[in-house]
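Taken in order, these protein sequences are the chains called A and B. Residues 1 to 687 (the working numbering) are what the first sequence spells out, left to right. Residues 688 to 1006 (the working numbering) are what the second sequence spells out, left to right.
To be clear, the hints were calculated from the coordinates, so they are not data collected in a lab. Bear in mind that the values here come from a model prediction, so they are computed numbers and not experimental data. In this text, a Cβ means the ideal position worked out from N, Cα and C, and glycines have one as well. Incorrect hints may appear among the rest.
[Stated by the list, open to error] So the derived list for chain B, only partly shown, Cβ under 7 Å to chain A, looks like this:
1) S716
2) S750
3) S760
4) A767
5) P925
6) A926
7) P930
8) S954
9) A955
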Amino acid sequence: MKMNGTGVFQAIVRKEMRENLVWAALGLVLMFVVLIGSLPASDNYDRQSAPDVIRIFNITPFAAVIALMIGRAQIVSENRGDKWGFLVHRPVSRSTLFWGKAIGGMALYLGAAGFPTLCIALWLAMPGHVAAPFDWRMTLPAVADLICGLVFYFAGMLTAMRNARWYASRTLGIGAGIICGMVILTQIHTLSMSLAFCAAGICLTAIAARGTFISGGEYAPQSRISRVAVGVSIASGLAVVGYLATVFVMNYLLERPPGGIVLSGPSVRMRYTVSSDGTIVQTLFDEGGSIQVNDIQGNPIEKYKDAIARKTLESGVIEASASIDPDGRRGLGPPNTDGYRSTFDIYSQLESKYSDVYWYYIQNRELIAGYDSTSKRLVGWLGPDGFSAGNSLPANRFHGVAQSYWHGESLIAFTNAVYRVDVAGRRVAKVFTAPAGESILGAAETSNGGMPVLPETPPGFDVIATTKNVYVQSLDGTPQLAVARDPKAEGYGFVSVYKATKAPGEPMFVLYAPEGGSKLNLFAALAMPVQVSQINRDRTVGMHFTLPRPGYQVRPPEMPLCAMTIPMAWTAVFELVANYQLNSRYSIPEMTATWLWPGLMALAIAAFIFAWGRRYAFAPGRLLLWTALGLGLGPLGLALMFSLIDWPAKEKCSTCGRMRVVTREHCEHCSASFPAPAPDGTEIFEL
Amino acid sequence: MNPETPVIETTGLTRYFGNKKAVDGVTMSVPRGSVFAFLGRNGSGKTTTIRLILGLIEPTRGSSRIFGQDSQSLAPEIRARVGYMSETHSLYEWMTVRECGAYQSRFYPRWNEKIFQSIAGHFHLDPRTKAGHLSRGERAGLSLAMTLAPEPELLILDDPALGLDPVARRSLLESMIYVTRGGSRTIFFSSHMLEDVERVADYIAILDRSVLRACCSVETFRSSVRQFVLRYSGTSEPAAHLPILRGLLHVRRARQELRLTIASPDSATLEKLQTLGAASLEEAPISFNEAITGYLGDRGEQGFFLEDTAELESTRGMV
Chain A
1 MKMNGTGVFQ AIVRKEMREN LVWAALGLVL MFVVLIGSLP ASDNYDRQSA
51 PDVIRIFNIT PFAAVIALMI GRAQIVSENR GDKWGFLVHR PVSRSTLFWG
101 KAIGGMALYL GAAGFPTLCI ALWLAMPGHV AAPFDWRMTL PAVADLICGL
151 VFYFAGMLTA MRNARWYASR TLGIGAGIIC GMVILTQIHT LSMSLAFCAA
201 GICLTAIAAR GTFISGGEYA PQSRISRVAV GVSIASGLAV VGYLATVFVM
251 NYLLERPPGG IVLSGPSVRM RYTVSSDGTI VQTLFDEGGS IQVNDIQGNP
301 IEKYKDAIAR KTLESGVIEA SASIDPDGRR GLGPPNTDGY RSTFDIYSQL
351 ESKYSDVYWY YIQNRELIAG YDSTSKRLVG WLGPDGFSAG NSLPANRFHG
401 VAQSYWHGES LIAFTNAVYR VDVAGRRVAK VFTAPAGESI LGAAETSNGG
451 MPVLPETPPG FDVIATTKNV YVQSLDGTPQ LAVARDPKAE GYGFVSVYKA
501 TKAPGEPMFV LYAPEGGSKL NLFAALAMPV QVSQINRDRT VGMHFTLPRP
551 GYQVRPPEMP LCAMTIPMAW TAVFELVANY QLNSRYSIPE MTATWLWPGL
601 MALAIAAFIF AWGRRYAFAP GRLLLWTALG LGLGPLGLAL MFSLIDWPAK
651 EKCSTCGRMR VVTREHCEHC SASFPAPAPD GTEIFEL
Chain B
688 MNPETPVIET TGLTRYFGNK KAVDGVTMSV PRGSVFAFLG RNGSGKTTTI
738 RLILGLIEPT RGSSRIFGQD SQSLAPEIRA RVGYMSETHS LYEWMTVREC
788 GAYQSRFYPR WNEKIFQSIA GHFHLDPRTK AGHLSRGERA GLSLAMTLAP
838 EPELLILDDP ALGLDPVARR SLLESMIYVT RGGSRTIFFS SHMLEDVERV
888 ADYIAILDRS VLRACCSVET FRSSVRQFVL RYSGTSEPAA HLPILRGLLH
938 VRRARQELRL TIASPDSATL EKLQTLGAAS LEEAPISFNE AITGYLGDRG
988 EQGFFLEDTA ELESTRGMV
């Protein structure tokens, strides 16, 4: 018998689309409302920062809601009783039915979430709608978020399809989507990597949803790969729930300071700075701020024991930090600061304070564009030679990609020159030209945090870092200092120049920090020493210090209860690998706190799982696997086992009298078969 | 496939829902070309058994086969040969009658539009009406049309006449008979309509509280379930407690009469009846309907609110 496979598949897809159109329409409306609501309103401009157009296209939560809604609705309407029979009793495989549903549902989801996004993008692309340049690359976050929504779509199907003893555990599959969304929002800087991560999430949840659909919602009959996928999906949800529970307990029940959650205990960090009396000091700080000030040997300084005194530590010290990493424009923060979720590669917003015009350096035009905040139209261009009104472009352009530009500053650096831009006066002045054989890596000016300049504010300076030297010059361009870059700081990320203006002789220090060095491992960089050069009064390099850093100081967890929730596998990975890189040194109490409680908990859970598995007659391999998961994952492993497994009923064996599980053909104790139902003498059998 | 091979075969089929045993070790076979009625009281496990046979749910233990293939892995080609109509007459509510037929036809290469149209016409279904707007009888008609149009070799109907008025029920039965007459088509259906069962069924299987108690031809069942009337004369009355009688299904007790329904009474049982001290022992004719009702009722001697008719009459007198 030959089936018309394509026709059947098309029929299923069309039926699914028609049946769930109402959900898609609801999603479409929701998306339009959200997107229109997030458009920058002209009367909301604070004159401090320009409209952040790219943020409109960060649609992860809304795409997730729509995807979940459609995925769940497609299954819930026909996954039980006679509806299920009507759906699956057809001459097609359940896999075909599943993919027919999935293709129809995905098309609806992409239409519901994607069409409004496209409409808003087209609207924003038309001049006069927003006082900022528009580039289609700004819609890339929406592309990633739409694809990420597919993880939620399959998670929604999985949630609706699973038969689970605990109703709440059905929803745990959504955890895979939440983790995927969080990772692409906060960890991944490139679109390709985000898409790859989403693809992995889609594969995971699609395999889980398909396996669960084919088995009619049950876990045990699924193929091994499906069971693994369901297990990982559910474990993701449990991890999310566990994390939220820990945060809740720590922040609300135990009243720890907000943001003070580090799963292995609160951390204390250390940095070097210059004090107001012109010496280098260590400051220790935690989530609440500075807690101690030491000299560079690590001895506490008496006069800074008082919290109020610590607030005056850096009084009169002015500082400017510039990047010294040729690739240092990337990798310094979350994706929304320098990844595809930012406008970093498209434009940089310049200081627009107290102005009706927003100014942007457009990377591919190599010019500065001004947009009127009221008409939202282009007012003109700023080039190296000055202002050009309207659409006519200036004759000369800047050269190259703008290096690090810090919001609130007026310096803009290129590889060959540094310019000071006066947007209020619509003027541009070159303040530094790179000497032959050098390329500029970064430039910065001292800042007083954007506050008005007060009479007692000491005069600032500019710092320009090149491939060979660090230059310091006054704001009018007068050179103050030129020192060769410290070879010990090769690969470091930043150079900072400090000037203690209240100390005798106004001592200066050049401090190199490894953070932001793109060639360095992030954890390793935190533990690398800081290189400091003291500048003599004659502006020559004086004493040099190599100042070690202990990295994180991990306090022992204060509560064994908290420690016991941490999976041993996590402890092993985090403590052994990460802390090894951080060069941490453990004391015996710290080791005990880190390993003892999670270890005891893991052993107890493994023992419990072993006993429970034997009680339910697990096969040897299965028993070993779950015991190992209990040992490695601790409470997570235990919760996973109870979330996944359908526990069979037990009844007394008619042969040995012990309780046996009803799913096995033979008694696990005495190997007896189940007897046929007892006859009552009324039986009439002929066939 | 060997013509002698049963179309449906189950072996020790068992299903639990939580700790409740819904189907307990059902072993039966359905011969090819037969009309097979599956009977039992509400909640006895008929629908669960049908779902297990169709592979819609997993058995806890045991197995079932359709056309020799395990129900849990039925190939699409096998499913194409099996028509299934559920008791709720599931349909896509938003589809019109025409769309329902068109959608269903895409799946079945042997779809017979004439059958679909004739059954739809028999139930006076307007092709433009949405399924959600049909009456219960019309839904049953549409559902039957969609089930029969692919000309399945095996038809599994789960209480198809449930909730239908007599006219709709007759239309349903007529359509079934019209389409399935001749050939080697097998019909496996569950029903509470005993007249219908008697009219069309060749074989019956009876589930009693999740346990299969009977699986035989209608004739065998008729001849196996017998009713005996024991009459007492003078002051003699039936004993308060009857001895254990093998196969005893039902007892109706009056002042000087005992009416016993017994399944497959053997000679020992008949001898025991002789010892109950009755003035006369006769076998009373029993209808198929009574036999099934007796078989499906609670086993043995059961009291009601009032123990016998005399007590009932005295109560009336008081009123």
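Status of each hint after checking the structure:
no. : hint : verdict
1   : S716 : holds (5 Å)
2   : S750 : violated (10 Å)
3   : S760 : violated (10 Å)
4   : A767 : holds (4 Å)
5   : P925 : violated (21 Å)
6   : A926 : violated (20 Å)
7   : P930 : violated (13 Å)
8   : S954 : violated (14 Å)
9   : A955 : violated (11 Å)
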